[in-house]
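Chains as they are written, first to last, in the working numbering: chain A, 1 to 165; chain B, 1 to 418.
It is possible that some hints are incorrect.
Computed beta-carbon distance windows for the label pairs [what the hints assert, rightly or not]: (1) 54/B <-> 48/A: 17 to 27 Å; (2) 209/B <-> 51/A: 16 to 26 Å; (3) 48/A <-> 113/B: 57 to 67 Å; (4) 3/A <-> 88/B: 41 to 51 Å; (5) 241/B <-> 19/A: 18 to 28 Å; (6) 48/A <-> 190/B: 54 to 64 Å; (7) 69/A <-> 340/B: 27 to 37 Å; (8) 11/A <-> 88/B: 38 to 48 Å; (9) 48/A <-> 51/B: 18 to 28 Å.
Just so you know, the hints here were simulated from the structure itself, not pulled from any lab data.
Note that beta-carbon positions come from the ideal geometry of N, C-alpha and C, so glycine has one too.
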Amino acid sequence: VKEQHVDVPVGIRAKRWATIPTERTVLLVVHNITTLSRMLDILPVFDSDWRMQLVASWNDTDPFQHGLHAAIEQLGIIPIPWEQAKNTAFDLAIAASNHGQLTDITAPLVIISHGIGYSKYLPRKPETGNRERPETGRPSACHHSGCWMMVSRSRMRWCCRTRSN
Amino acid sequence: VLDDGVPIADALVLSHEEQLTRLAAEAPAALETAVVAGDPCHDRIVASLDFRRRYRDALGLGNRMLVFVSSTWSASSLLGTRPWLIRELLAELPRDSYVVATALHPNISHAHGPGQIRAWLSDCLRSGMVLLPELDGWQAGLIASDVVVGDHGAVTGYGAAIGRPVVLGSFGDDDLAAGTAISALGEVAPRLPPHGPYEPVLTTAMADDAVERFSAVRDLVTSLPGESMRVLRSVFARLLGLSEPEHEVPVETVPVPAVAGSVARPYADVVHCVVSDEVRRVRLVRRPAEVQRAPVGLHAPDDTDDVHIACSVDYPMRSLRDRAAVLVGQRRDAGDDPAGWLVEVLRRYPACVVAALIAGHTMVGMVRGYGRVTASSADAPNDTLPSAAYAWWSYGLSPGPMDLAVGRTRYSVSIENP
């Protein structure tokens with residue numbers, strides 16, 4: 001996780017250091033390489049649009065952290081620490097998954113899928129056990145958050161647990 | 001999707017209307033935020049289909065079939081359930097007829113370590129497997145492929161959606177929601193048997209009408225084919241309170257992967273030769289030796305075949321070099337004394353029958369107890385020439401032109417004993 005706050009392109013002093021006076025700042029929430037891969041597909045929607053400044057951030061809730069910072073550096077999007085992202089008002093935030101403390105972000109939020117639609121349930125944490133198994137086998141609301149993606153077939157998913165922590 | 005009953009997103013982007021029904025059933029409060037915007041990844045792959053030849057060239061396929069092995073992550077994935085499958089495919093499929101390329105979900109390499117994955121797959125990499133770049137290599141691989149061996153992951157699904165023949169090596173039913181593109185894939189795709197031979201299954205799949213078979217998958221991947229980027233930009237612009245730019249949204253073709261395919265790498269093959277001496281034709285069938293399950297090279301399958309090991313002198317396994325009947329170096333290895341180099345190889349490797357140096361279109365060699373031999377061909381891969389010379393010598397053919405059949409191609413080779 002990136003620690004060092006940035007002075008530009010976001011922050012109260014950013015204008016001082018900026019060359020291009022952008023109108024909107026968009027936060028890409030990129031919690032792992034898989035979601036980054038989908039971001040690569042959609043980023044051309046901002047091509048040639050000098051009104052936009054993109055930055056990226058992520059936090060330590062995702063188990064697959066390895067290589068993420070390097071991949072975002074490779075992409076050339078400025079990474080900002082999650083603490084700074086939480087304390088910045090963005091004009092838009094885009095995430096390619098629905099987990100990882102997205103409610104900490106102050107911005108209109110768009111969630112896109114990172115696979116084919118939404119078809120896969122994450123593996124249950126082994127220690128969570130089967131105690132929430134619904135009688136019918138039908139999906140039911142998650143007691144932690146009511147998250148539609150998180151509940152089905154008795155599976156408690158770590159994204160939900162993370163958010164409620 | 002919901003936080004204390006309130007939608008967390010201002011726009012929940014769905015790729016297909018089908019997901020509206022599921023959302024309505026399971027989180028109706030989020031329904032008002034849902035936007036169907038198609039699938040930008042699928043659109044991009046479809047926009048790249050016309051350039052299949054480019055992607056095939058980048059992978060160095062020639063007229064070989066590309067078997068694309070795709071694994072999502074987790075213990076129920078293809079790699080999690082059948083970690084040896086790639087090795088089995090490499091062992092079985094002749095390398096002049098097939099290339100095996102593998103695309104692994106990033107959660108595999110970034111859970112275990114990319115270097116760890118390469119270490120686990122090192123025998124496969126030495127045996128010619130292509131490991132596709134994880135971020136942007138699989139799309140090109142799917143387009144280039146002739147058949148996909150996959151699982152319940154999205155990459156396999158995207159392959160089915162563009163009409164590639166898919167055979168499922170595993171399918172984690174428990175992980176999946178019903179009524180989706182992936183569940184449709186599970187319903188229609190044939191399964192790979194638990195053990196080989198796999199080639200007949202792949203051949204059957206390739207002969208099938210995959211576009212027709214997987215039409216349900218294709219229809220569930222997006223309900224706005226070709227429109228995703230346009231719709232996404234309009235969603236973003238609305239939330240940003242901005243007008244949309246006047247220019248068209250570009251839909252980029254997928255990048256051509258940079259794969260180290262053309263560099264000569266050390267190889268060790270089990271080579272079956274079939275010689276038709278009356279028409280002076282030699283057929284070679286080469287398979288990587290290191291991944292063979294049993295010791296090889298001792299018995300021919302029938303008495304018309306001959307089996308030998310052909311091995312680079314720098315192949316990093318002494319046991320294979322020691323058993324090789326054909327040992328091959330690069331011409332530059334020998335400096336200005338090729339004859340001395342060839343004699344030295346025969347001396348150091350008592351099982352070696354033909355020592356050879358290759359460069360460009362030619363081979364110079366030394367046959368134990370016989371003497372010098374040269375082979376040249378305008379178009380045959382030069383690493384086939386040493387085994388062609390071995391077959392020529394072991395069947396007692398006279399010098400001169402000879403037909404060489406390798407994979408799906410026939411070449412003309414000239415063999416001389418200067």
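Status of the hints after comparison with the structure:
no. : hint                       : verdict
1   : 54/B <-> 48/A: 17 to 27 Å  : holds (25 Å)
2   : 209/B <-> 51/A: 16 to 26 Å : violated (48 Å)
3   : 48/A <-> 113/B: 57 to 67 Å : violated (38 Å)
4   : 3/A <-> 88/B: 41 to 51 Å   : holds (46 Å)
5   : 241/B <-> 19/A: 18 to 28 Å : holds (24 Å)
6   : 48/A <-> 190/B: 54 to 64 Å : violated (45 Å)
7   : 69/A <-> 340/B: 27 to 37 Å : violated (53 Å)
8   : 11/A <-> 88/B: 38 to 48 Å  : violated (55 Å)
9   : 48/A <-> 51/B: 18 to 28 Å  : holds (23 Å)
Violated hints, listed in ascending order, are 2, 3, 6, 7, 8; each of the other numbered hints is respected by the structure.
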